[in-house]
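These protein sequence lines map, in sequence, to chains X, G, E, W and D.
Per the numbering used here, numbering through the first sequence is continuous, rising by one, with the last residue being 386.
Per the numbering used here, numbering through the second sequence is continuous, rising by one, with the last residue being 386.
Per the numbering used here, numbering through the third sequence is continuous, rising by one, with the last residue being 386.
Per the numbering used here, numbering through the fourth sequence is continuous, rising by one, with the last residue being 386.
Per the numbering used here, numbering through the fifth sequence is continuous, rising by one, with the last residue being 386.
No lab work stands behind these hints: they were computed from the structure.
Glycine included, every Cβ here is placed at the ideal spot set by N, Cα and C.
Some hints could be false.
[Stated by the list, open to error] If you want a taste of the chain G side facing chain E, the calculated C-beta under 7 Å gives, among others:
hint	residue
1	A327
2	F335
3	L358
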Amino acid sequence: MTRLIKKHSKSKGLKPGAVVYVGEQRTEKVTIDIIDYNETELEEKRLEKIEDCFEFKDSSTVTWININGIHDVSNIEKLGEHFGIHALNQEDIANTGHRPKFEDSGEYIFITMKMLNPKSEDGIESEQVSIVFGKNYVISFQEKEGDVFDHVRERIRKTKPRVRFMGADYLAYALIDAIVDNYFVVLEKIGDTVEELEDELVSNPEHEDLETIYALKRQMVFIRKAIWPLREVAGSMDRTESELVHDFTKPYLRDLYEHIIQVIDTVETFRDMISGLLDIYLSSISNRMNQVMKVLTIIATIFIPLGFLAGVYGMNFDTSASPFNLPELSLRYGYIFFWMAVLIIGIGLLIFFRRKKWL
Amino acid sequence: MTRLIKKHSKSKGLKPGAVVYVGEQRTEKVTIDIIDYNETELEEKRLEKIEDCFEFKDSSTVTWININGIHDVSNIEKLGEHFGIHALNQEDIANTGHRPKFEDSGEYIFITMKMLNPKSEDGIESEQVSIVFGKNYVISFQEKEGDVFDHVRERIRKTKPRVRFMGADYLAYALIDAIVDNYFVVLEKIGDTVEELEDELVSNPEHEDLETIYALKRQMVFIRKAIWPLREVAGSMDRTESELVHDFTKPYLRDLYEHIIQVIDTVETFRDMISGLLDIYLSSISNRMNQVMKVLTIIATIFIPLGFLAGVYGMNFDTSASPFNLPELSLRYGYIFFWMAVLIIGIGLLIFFRRKKWL
Amino acid sequence: MTRLIKKHSKSKGLKPGAVVYVGEQRTEKVTIDIIDYNETELEEKRLEKIEDCFEFKDSSTVTWININGIHDVSNIEKLGEHFGIHALNQEDIANTGHRPKFEDSGEYIFITMKMLNPKSEDGIESEQVSIVFGKNYVISFQEKEGDVFDHVRERIRKTKPRVRFMGADYLAYALIDAIVDNYFVVLEKIGDTVEELEDELVSNPEHEDLETIYALKRQMVFIRKAIWPLREVAGSMDRTESELVHDFTKPYLRDLYEHIIQVIDTVETFRDMISGLLDIYLSSISNRMNQVMKVLTIIATIFIPLGFLAGVYGMNFDTSASPFNLPELSLRYGYIFFWMAVLIIGIGLLIFFRRKKWL
Amino acid sequence: MTRLIKKHSKSKGLKPGAVVYVGEQRTEKVTIDIIDYNETELEEKRLEKIEDCFEFKDSSTVTWININGIHDVSNIEKLGEHFGIHALNQEDIANTGHRPKFEDSGEYIFITMKMLNPKSEDGIESEQVSIVFGKNYVISFQEKEGDVFDHVRERIRKTKPRVRFMGADYLAYALIDAIVDNYFVVLEKIGDTVEELEDELVSNPEHEDLETIYALKRQMVFIRKAIWPLREVAGSMDRTESELVHDFTKPYLRDLYEHIIQVIDTVETFRDMISGLLDIYLSSISNRMNQVMKVLTIIATIFIPLGFLAGVYGMNFDTSASPFNLPELSLRYGYIFFWMAVLIIGIGLLIFFRRKKWL
Amino acid sequence: MTRLIKKHSKSKGLKPGAVVYVGEQRTEKVTIDIIDYNETELEEKRLEKIEDCFEFKDSSTVTWININGIHDVSNIEKLGEHFGIHALNQEDIANTGHRPKFEDSGEYIFITMKMLNPKSEDGIESEQVSIVFGKNYVISFQEKEGDVFDHVRERIRKTKPRVRFMGADYLAYALIDAIVDNYFVVLEKIGDTVEELEDELVSNPEHEDLETIYALKRQMVFIRKAIWPLREVAGSMDRTESELVHDFTKPYLRDLYEHIIQVIDTVETFRDMISGLLDIYLSSISNRMNQVMKVLTIIATIFIPLGFLAGVYGMNFDTSASPFNLPELSLRYGYIFFWMAVLIIGIGLLIFFRRKKWL
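Bound-form chain X, shown alone (with noise of 0.2 Å):
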C-alpha cells in the first residue's frame, strides 16, 4: 500500500543534518556495485566494502558507483565525507520521504527523485533514488536492488554508445531520462485501468468499483507529489550554470524537461478523468435507483388499485337487506366484467407508462 506520509517522527529531536534511515525497515545486504569506464575501457564490479569505491573519485574515467540500501547510514556518512557531500544532503538521502529536489553545491550536484515500479498488483511501487554527479562520478542510491537502470547498463556495454563518449552529467542525465521514462509505462498502466473501469462503471457499476476509484485517486495524488515536483527540478537543470553540465547535454536536458512536462500533463489529465470516473459511477448507481423506483411504481401503481377492486368485491354487505347493496354481486357476467375492468386498468396504465416512457 502505498502511504502517504511517510512516517517522519523517527527523526524527530535529531539535530538537523543527523543521517537518519526514514523509511520501510530492511535487513537486506547493502550492495555496492561499480561501472567504471571511458572511450574504450570498461569495468564492472561488485564491492565488498564501501572504502573500496573511494578511489574512483579523481580518476580519469567516468565511474558509476550505484548503491542499493540506503538503510545502513554508515555507507552514506563514509561516502559522504570522502566524496565531500553536505551532512544535510546525506541527510536527504537517507531520509525516503524527501521531496524530489535539485542542489547544485559547486563540488557536485545533488538531485534526488521517486521511481516508480508498477511490478506489485496492488499498487505502485515508489523508491527514492538519489544522484550526486561530480566531475567524472555519479553515485547513485537507491533503497533496495532492482530498478530501471538496464538499459542503460546494457548501453555502456555496447561497444561506441553515445553514453562512452560523454561525462558524468550525461550518465546521470540518461539516468533520470530512464527513471522518467519508467513513469510513462506506470502512467499507461494506470490509463488502461481507468479506460477499463470506465466501461465497467457505465455498464454494470458495483459498491466495489467505488473502492477501486479511490485507490486510483489515492495512486494519482501519490503520483502527483512524486513527479509535481520534478518540473522545478527538471527547470533548475536546464537553467543551471554548474561547470559540471557540458554544453553538449544541454540539449539533452531541454528534451528531459519536456518529457517531465508530458508526465505531468498526463498526470492532470487522469486526474480529471478520475474525477469523472466518480461522476459515472454516481449518476450509474442513480439512473438504477430509478429503474428500481420505475419496476416498483409499475407494478404497486397497477396491483394496488386492482387490489382495491377485488377486496370491494370481497365486503360482505348484506345483498339480501338491500337490493343496492353489492348488486355486481350476483350479475350473471360480474366475475367477467370484473377481469374486464381489470384488463382496462391493467392496459390503461400501461400505455399511460409506455407515455412517460417508463417502459
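Take the given structure of chain X and dock chains G, E, W and D to it, following the hints.
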C-alpha cells in the same frame, strides 16, 4: 478512438535521440511532394526517393518538401543529416505523442503540433505535423496522406498571390495558420453536438447520454492537450529574434497568436458547457425520479386506505352474535355509503395533491 | 440566440489578411454618418458613398466617421487603403467573431470590442464595434444601425462640452466609455433576473427553472468571453506611449480601466451566484422528493398494517370446526374492539411520526 | 438588503467626471464636522456651510473635515474645487458603488473603501467612505451620520496621544485602521452564525436553513467584493513614495496591510465553511430521506406479505367441493398456526433488518 | 475546540501599537527560563522577575530567554523597551491570533508562528510562539508552559553539539525546526484518522461520520491557516541579507524551507483526501438507500400482485347466480392451482430480479 496517452513503451530504454517511430502501425508507402517556387516560376512534383530533395537545400527558390508518412524513420534520418536537423528534433518528428513545441536552433526553426480532422464518425482524428524551415526551404512531416493544406497549395499555384513574394517563413506561417483555422471547424462541429445534446437532455434524458457527455469530455481533454501548449509555441514564435523570420511576417504571427488564444478560449468555454451538461443530466434524472415517486405516492396514498376500507367490510365478524358487529353491512344504503366514502376520500386526496402542486 | 462560436468556416482557406465578412447575413444598406467639429463649429451629415469621407483625413477638425454595416467589405477596403489601415486590421473589422483587442500601429490605434444590447426579450444582443483613431479622426464600425452612442452625440452637439475642446483620443475614449457603461445596464438586468429566480427557486422550483438557470449560465459565458479580454485591452490603452493619446486623456483611461475591472468583478460574482442557483434548485427538488416520500410513508405505514388486520378478520377459518378459530369474530364487542385497535395503531403511529418531525 | 450591483444607470450617458450621486435616495441634511488640532491645541465644531472649512486648507494645524452625506453633490464640487480634487475623484466620491481604490495625485492621496456595520438585524450595512488627505488636512466623506471613528475621536481628544504628534497621514491611517478593525467585528458575528447553523444542520436540518446558507453566501460575496480590492489598496499605500506619507507612518501601514491580509484570509475561510454547510445540509437531508425509506420499507416488507397470507385464508375456495381446497381453514389450530406463521415471518424479518443495521 | 477566528474585538479602538493580550483568559504565573551558553560553559536557571534577564542582552555568550505566558503584557513591554523591540512587534507578540510572519528590523529579527500540539483528545491545540533574536540572544514567547523544545534543550546540554558552536541564529533556527518537525507528528495523527475513517465509510457509514469528516475538514482549515503563511516566512528567512544570519546557517534555512513546503504539500493532499471522504460517505449512503429500495421493491413487487390474486378469490360473486362467476372456486384442485400460480409468479419475479442483478 482517441487514446489519451500514446504508447511510449516501445522507445523506452533506447538512447535519447534515437529516432524511433512511436505511433499507429502503418504500412503505406511514404510519399514525398515538392513545390518549388519563386515570384515567377513554380514547379510541383512527387519524388521517388528522399535523396532527390537534397538539391533544394541551397537553391534560391522557396521549396516546400512535404513528407507523408513518418513510420519509415530512415527518411527522417537522411533528411536530418543533410539539412542538419539535431538528433533530438529527429526523435521529436518520429514521436507522434510529442507535445506541441517550438525550437529555434539557429540554422532552422522546428515546430511540431497536432492537425485535427473531424472526418471520422466517432470522434476526431489527430495527426502530428512537424515543420522545419530554414532560409528558403520548409519541410513538413505528416503521419499520412490527406491534410488541411490544399488551400495553401491553391494559393501558391495562383499567378500573383502574396505567398509567392514572401519567404519560407511566410509559407511556414501559412501552413500553421491552415492547421489552426481547421481547429475552428472541429470546434464548430463539437459546438453543434453540445447544443443538440443540451436540448435532448432537458426534454428527454437517457442513460446513453451520459456516455455521450463523457465522450465529449474526453474529446475536449484530448483537444485541450493538443492545443493548450500552442499558446506557448505561438508566444515564442511571436517573440523570436531569429533571422529566419522577416519583419513583414511578424504581424501575421501576431494574428496567428490571437487566433490560437481564441481557440483556447473556445475550448475552455466548451469544457465549462460540457460540465454544465452533466448537471443538466443529473438534474433531469432526479426530476424524473421525482415524477415517478409522485405517481407512486398518489396512487398508493389513495388506494391503500381505500383498500383498508374495503377490507373492513370484508371482515367476517358475526353480525348475528351482536348488533354491534358490522351493522353497516345490513344497512339499506350501506354499499352506496361505502362508495360515497370512497369518492370523498379519493377526491379529498386529489385536492390535497393539487394543493401540494403534485398534479 | 447567442451562439458561443461564430461560424468561422467561411473564411477558412483564404489568404490571411483577406477582408471577408464573418457574421449574420445582412442586406440593409450600409450607412455612413459624419460628425465633424472643433471648439466652435459642428457639422453633421449622412454620406452617400464612402469616398466622401476621405477629405476629412487631414482636416484640422476632429471627425467622427461612423459606419453602420460591415457586410459590404468594399467600404472597409477603400477606407483602409485611404487611411492606411493594415490588411490584418481590415480583416479584424469584418470578422464579427473577433476577440476584443487593442493594437497600436503607430499611425493609428485600433480597438475592437463587443457592444451589448439588452433589447431583445430572449437574451442579449451582441454587436462588434471596431474603433480606429488617428490624429484627428475616429472611425467606428458597427454591424448595423442603432447603438449606445446617442449620449455622446448629444454631448458633442451641446455648446461647450469638454469633448469639443479635446482631441480624437478623447472622442474614442468617450465611445468606449459609452459601451462599457452599457455593460452595467445589461448586468443590472441579469442581476434582477437572478434575484427573481432565486426567490422562485426557494418557494416553488419547476423543471423549467433549470432551463432558465442554464440559459443564464450561457449568457454569462457569452458576456464573459466578450468582456474578459477587455481587461488586457484597457491595460494596454492605459500604458500606451502612443503620441495619439494625450496626457490629459490618461486619467480618463485609468478611470475606464477601473470601470472594466468592476464589470469583470460583477460578471464573476454573477457566475458564482448562478452556480449557487443550481444548488438551490437541486436542494429544493430533493427537499420536495423528501416530502413526497414522507406522505407516502405515513399513509403506507398506517394503512398497510391496518389492512392486514382487516384481512385477518376477513379470513374464513371455520369457527365451527374449533373454538380456537377466530373466536374474536363472535365476541359481542368484537367489531368495536377492532376499531379501537385501528385507532390506537393509527394514533400511535401519528405520534411516532410527530416525534420524528415528519408532521 | 445588500444589493450586489449598485444601480449605475442614473449616471449613464453623462460626461465622464460628472459628479452624480449614485446610491440610496436620502433627504437628511448633510453635516460637516471639523476637528482641528496640533500637539497642544484642539478645536471641534460643526460647520454651517461647506465654505467654512476652506480656511483650514493651508493652516499649520492638522484638520479633519468629516462630511456626513454625499447626496448633496454641490458640497463635493465646492470642496473639490477649493482643495484641488480632480473631477474624476469627485465622481468617485459620489458613486457609492465604487470599488475600493487608492490614488496618489501628487497634491493629495485619495482612498475610497467600504465601512461595514453589523447593526441591522437582517444583514450587514455597507457605507462608502472616501478619504482625501493632503499635507495637513484629512477630508472624509460618509454616506450618512454614524460611523466607526468614535475611538479615533476619543484618542484625539486625550491629552497626549501619539496621533496628536503625528501628521495628517497618521490620522488617515488611523481612520482606515478603524474601518478595518471593524471588519473583524462583522466577521466574528458571521462566524458565530456559521457555527450555530452548523450545529443545527447536523441535528435538525430544515428547508429554511437553505435560505440562511444562501443568505450567508451572498453576504460573503458582498463582503469579499468590498474587502478583496483592499489588498491592492494596502499594497499601493505600503509602497507609495509620496511625500505626504512620512517614514514613521510606514510601519503602521505595513501593520495595516497584514491586518487586511488576515481579514481576506478569514473571508476565504468562511467561504469554504459556508460551502461545507451546504454539503452538510444536503447530506443531512439525504440521511433523513434514508430513514424515511427505512421505516417505509420495514413496515411494507413485513405487512404486505402478511396481508397476502391473510388474503389467502380469506379466499372463498369451496371447501366442500374438494378436500384440497383450503384444508387449513377447518383445522382445529388453524388460526393459531396462522398467527404463529405471522409471528415467525415478522420476527424473522426484524432479525433480517437488524442484521442489515436498519434498526 | 479550535476557533477559526480569534476574538479580536477586545483590542478594537485602541491605538495601534497598544500591547494588549488577545487570547484565552489565563491566570497562571508567567515563568521565565534562561539558558546561557557558549562553546564551553552552560548555565540554566528560572528567573524571578523579567528584569533579571536584561544583563544578558550584551553578554558574549548566547542566551535563550524563554517566556511561558504572554497574558501579563507588562513583561513584554519591559523586555521590549530594554531589547528595543518595536511597539507593533510587541503588539504582535501579545496577539495570539496573529498570522505567522517574519520581520527583519535591522537590530533584531522577529518571527511569529503557531506551535501545534496533538495532545488533547478532541483536536489539536495551537499555541502562538514568537521568536525575537539578535546578535547573541534569542527570546521566545509562548502562551503557556509545555512545548516541543525539549529536544533542543537536550542537545544544548550535551557536551559538544553543533548548536554550542554556532550563534543565536542557529538556535532560533533549531527552535523553528522543532516546531515544524512537530507538524509532521500532527499530520501523521490526522493521516491515521483519515485512513481509519475511510475504511469505516466504505464498509459501514454512519451519520456521525459526517460530523467527523466535517471536524477533520475544520482541523485542516485551521492547520492550513497556521502553516500556509510559513512558506512566505521561510522564503523571507532564506533570502534575508541580515547580518544576524550567518552564512553557515543558510543551508539549514534552505532545508527548513523544504520541510515547510513538504508540510504544505501534505496539508493540501489531506484536504483533497478529506473532500474525497465526503464523496465516499455520500456514495455509501446513496448505495445503502439503493439497497433499501431494492428490498422494498422486491417484496412489494412479489406480494402486491399475489395479494391481488388472493383478493380475487376472496370476492363474493354469487357462484350460484351464474356459472361464469368465479368458477375456479369450486374446482377440485383450485386451491392447488392457486398456489402453483403463486409459486410461478414468485419464482418468475425472482428470476427477473436476478437478471437485473438486484439479488
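Starting from the hint list further up, note which numbers the structure goes against and sort them upward.
Hint 3 is the one this structure does not satisfy, whereas the remaining hints hold.
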